[in-house]
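Participant: Here is what each chain is made of, one letter per residue.
2 protein chains.
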Amino acid sequence: MKEVNATIITIGDELLIGQTIDTNSAFIAQELNKIGIWVKRRIAVGDNEKDICQALDEESKNADIILLTGGLGPTADDITKPLLCNYFGGRMVRNEQVFQHIHYLFEKVFRRSGPMLERNLKQADVPDNCTVLMNERGTAPGMWFEKDGKVYVSLPGVPHEMKGLMQKEVSPRLLKQFQMPVILHQTLLTFGVGESTLAEAIKDWEEALPSYMKLAYLPHYGMVRLRLTATGDDKDRLEQELEKQIIQLKELAKQWLIIDEDLTMQQVVAKLLKERKQTVGTAESCTGGYIAHLLTMDPGASSNYKGTVVAYDNQVKKDLLGVSQQALESVGAVSEEVVTQMVKGVLQNLKTDYALATSGIMGPDGGNEKKPIGMVWIAVGNAKKIETKEFHFRFDRMRNIEQTSIAALAMLQQFIKAQNK
Amino acid sequence: MKEVNATIITIGDELLIGQTIDTNSAFIAQELNKIGIWVKRRIAVGDNEKDICQALDEESKNADIILLTGGLGPTADDITKPLLCNYFGGRMVRNEQVFQHIHYLFEKVFRRSGPMLERNLKQADVPDNCTVLMNERGTAPGMWFEKDGKVYVSLPGVPHEMKGLMQKEVSPRLLKQFQMPVILHQTLLTFGVGESTLAEAIKDWEEALPSYMKLAYLPHYGMVRLRLTATGDDKDRLEQELEKQIIQLKELAKQWLIIDEDLTMQQVVAKLLKERKQTVGTAESCTGGYIAHLLTMDPGASSNYKGTVVAYDNQVKKDLLGVSQQALESVGAVSEEVVTQMVKGVLQNLKTDYALATSGIMGPDGGNEKKPIGMVWIAVGNAKKIETKEFHFRFDRMRNIEQTSIAALAMLQQFIKAQNK
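Chains as they are written, first to last, in the numbering used here: chain G, 1 to 421; chain P, 1001 to 1421.
Just chain G, same shape as in the assembly (with noise of 0.2 Å):
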């Protein structure tokens, strides 16, 4: 079976000023992905009509399906919707139903009183040789173009509108049209290797891989994901495969496997505390929060984590954790004994079955030459044990905080598969 392929066209200057990351792109290439249609380039393009011409005429060539997302919003530096509408030979008409839901979310549902302005009543005006694509989440409808056999989508750029739009009227309608080879991804989740000693230790298993299977290396983090990827036309068969070569591959990688699934470490550890009905509360210092934020990202945490005392202050270590002064003014706040004491004091005050602690200095500032930026410790516990680590993380802050966050979920996740063993 022939490849579907497609292009994603990103449209907008704050993309290639760098004022935006683009995060709709992976959604795109995930959703495309799940029905088997393989993203061969992505391309970004100011709000320029040469550029985005010039990448419509450029990708036709390249793709079966070009999707667009971006410059369908109500303002002066959108142009995308009349360039599409010339592009593919179609003038400007309104559309009744969508003129209408425009009103109906005003109204109901953004609240608003007072006359409707005619800029928002305009991006009803569609081109007349497109299909129109609802768009339950916001006022600039999706379209759909075809032209000597290739599909256009154009999708608006803000992300839960574009996710909206693919998922219940791009992708349905892409099987429809297309017939799709087979692409089946299984992904093993790795910690505490290096993408080079992994890779040693699985190199013949990997060269021995059939032509149509694919094994890729996604470092993030002190995590390796091992994604293999296999294509073909009989999906059976192929899944047998595919769970043939996991076998082998969970083998060799055995002592760093975290887990076979494509899961976030806060995942796993919220599954390992929901099958075994255990609950969880950290206290941070320099992580201010962020695995928090990790163990609440994901719907239903409510049951297994508890909550977190971010503790910047020392002043608040001593009145919300109970960490001695005694502690702080010999060893100081990055020490052993701070955050051990902060594991009791989350175990005492959030009444949970496990405590998480961080401490340390994340920089730019404030090391010194016997606790230099990155050094972290992070202490797990119950209220039978509790196990330290001293941690030396490097460069920049917004990644230290990530890598400490991510080492303490290991640890968490590591102590509880040992404690129910």
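Mixed in with the good hints there might be a few duds.
Claimed, not checked - Result set (EDC-like, lysine to aspartate or glutamate): computed pairs, CA atoms no more than 20 Å apart in a straight line:
{"id": "1", "chain 1": "P", "residue 1": "1344", "chain 2": "G", "residue 2": "319"}
{"id": "2", "chain 1": "P", "residue 1": "1250", "chain 2": "P", "residue 2": "1319"}
{"id": "3", "chain 1": "G", "residue 1": "163", "chain 2": "P", "residue 2": "1396"}
{"id": "4", "chain 1": "G", "residue 1": "163", "chain 2": "G", "residue 2": "31"}
{"id": "5", "chain 1": "P", "residue 1": "1214", "chain 2": "G", "residue 2": "49"}
{"id": "6", "chain 1": "G", "residue 1": "318", "chain 2": "P", "residue 2": "1319"}
{"id": "7", "chain 1": "G", "residue 1": "271", "chain 2": "P", "residue 2": "1365"}
{"id": "8", "chain 1": "G", "residue 1": "214", "chain 2": "P", "residue 2": "1049"}
Bear in mind the hints are in silico, worked out from the structure with no lab data behind them. A quick note: this is a predicted structure, and the numbers were derived from the prediction, not measured.
Position chain P against the provided structure of chain G, taking the given hints into account.
Facilitator: Just chain P now, with coordinates in the frame of chain G:
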């Protein structure tokens, strides 16, 4: 003066299946912009020789400078280095300086014992037709090629390594090699107004802008950034012109204006607190530590931010913040009464000048008719006064967390400004 254009090519299958979000391009674009280089396009391609070569061929026609990231790691899915070597007609040679640096990193920085892997040492092999850019932060060096008056720079994809190379090696070299026009940006941060209403309010001004100035609207979680860009040759004149226009724009947008700098909402709060030598603490339920994270992600947070109680569980609200059982039973956790008590709890227990509290339903579960998903109460206060507000956000969980956090910080900065008049 001729505009100097760049293209960024990012390499890696992980970008095309959506497993990683490309943050490198935004950073590179910002750095290039600072020195007057305009990024015209950004391309992402897979770990595939044909696609990378095609991108190189095409982009050499579009731009003066082609920056590549990714594909330089030690594992088998990294193919960029030999490809570039062939593309520019060179051959691989071992670079002694890189070789020594890799040894130094493994022994002194990574603190690894045992013999080094051949695949790591191979990172010291570089094309003989490039200038090697030393990578202080990692084993893969950057590479600088020149051909037909164009510059091609290849950088590793690990963000902090790429960042170090951009700032220390690439930007200074580009500044020497090219004559750049001046590109100036100034940004206003507004809050609490839709893109359309704002556009309507400044319409006449925007239409009268000279041709070398351009305004962009950058909406983000209830904020809209207005970025005015001016391009020209005479820096002093351009600065004066930009300043003149900005004064007019500030007057037109004054009712929604937060600050006339390109700051985040948390940076505005930190700035106000620093000027006033005051402190804040937060009590978070639904935001789960995200406000704490925002307040601590920038350096220097520790002087004005004391801490946070993330009270996800009602027992924690009672024990650590003094929220009453009676309020939780009668009106529930998501209520004006409870967020007011949470603010009082912070002021009392964390001893801060200001306190901020959130409680709401972030979804996708947990809503009901009286308290739907997206309903949030926020309270802000000091010893004299507490202000509360009810919000209704919509749609997905992570977006609700971010919107709530920004709205809370916006309330806080307004409260601080009002108290100190």
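Participant: Please go over all the hints and tell whether each is borne out by the structure.
Facilitator: Hints, one by one, checked against the model:
Between residue 1344/P and residue 319/G the CA atoms are separated by roughly 16 Å; this keeps the pair inside 20 Å, and the hint holds. Pair hint residue 1250/P plus residue 1319/P does not hold up; C-alpha atoms about 46 Å apart against a cutoff of 20 Å. A distance of roughly 10 Å separates the Cα atoms of residue 163/G and residue 1396/P; the hinted pair therefore holds under the 20 Å criterion. For the hint pairing residue 163/G with residue 31/G, the CA-to-CA distance comes to about 9 Å; that is within 20 Å, so the pair holds.
Annotation: proposed proximity of residue 1214/P to residue 49/G holds, straight-line Cα distance about 15 Å (limit 20 Å). A threshold of 20 Å between alpha carbons decides the hint, and for residue 318/G with residue 1319/P the separation of about 16 Å falls inside it, so the pair holds. A C-alpha spacing of about 18 Å is found between residue 271/G and residue 1365/P, which places the hinted pair at or below 20 Å, so the restraint holds. With a C-alpha separation of about 15 Å, the suggested pair residue 214/G and residue 1049/P falls inside the 20 Å cut-off, and the hint holds.
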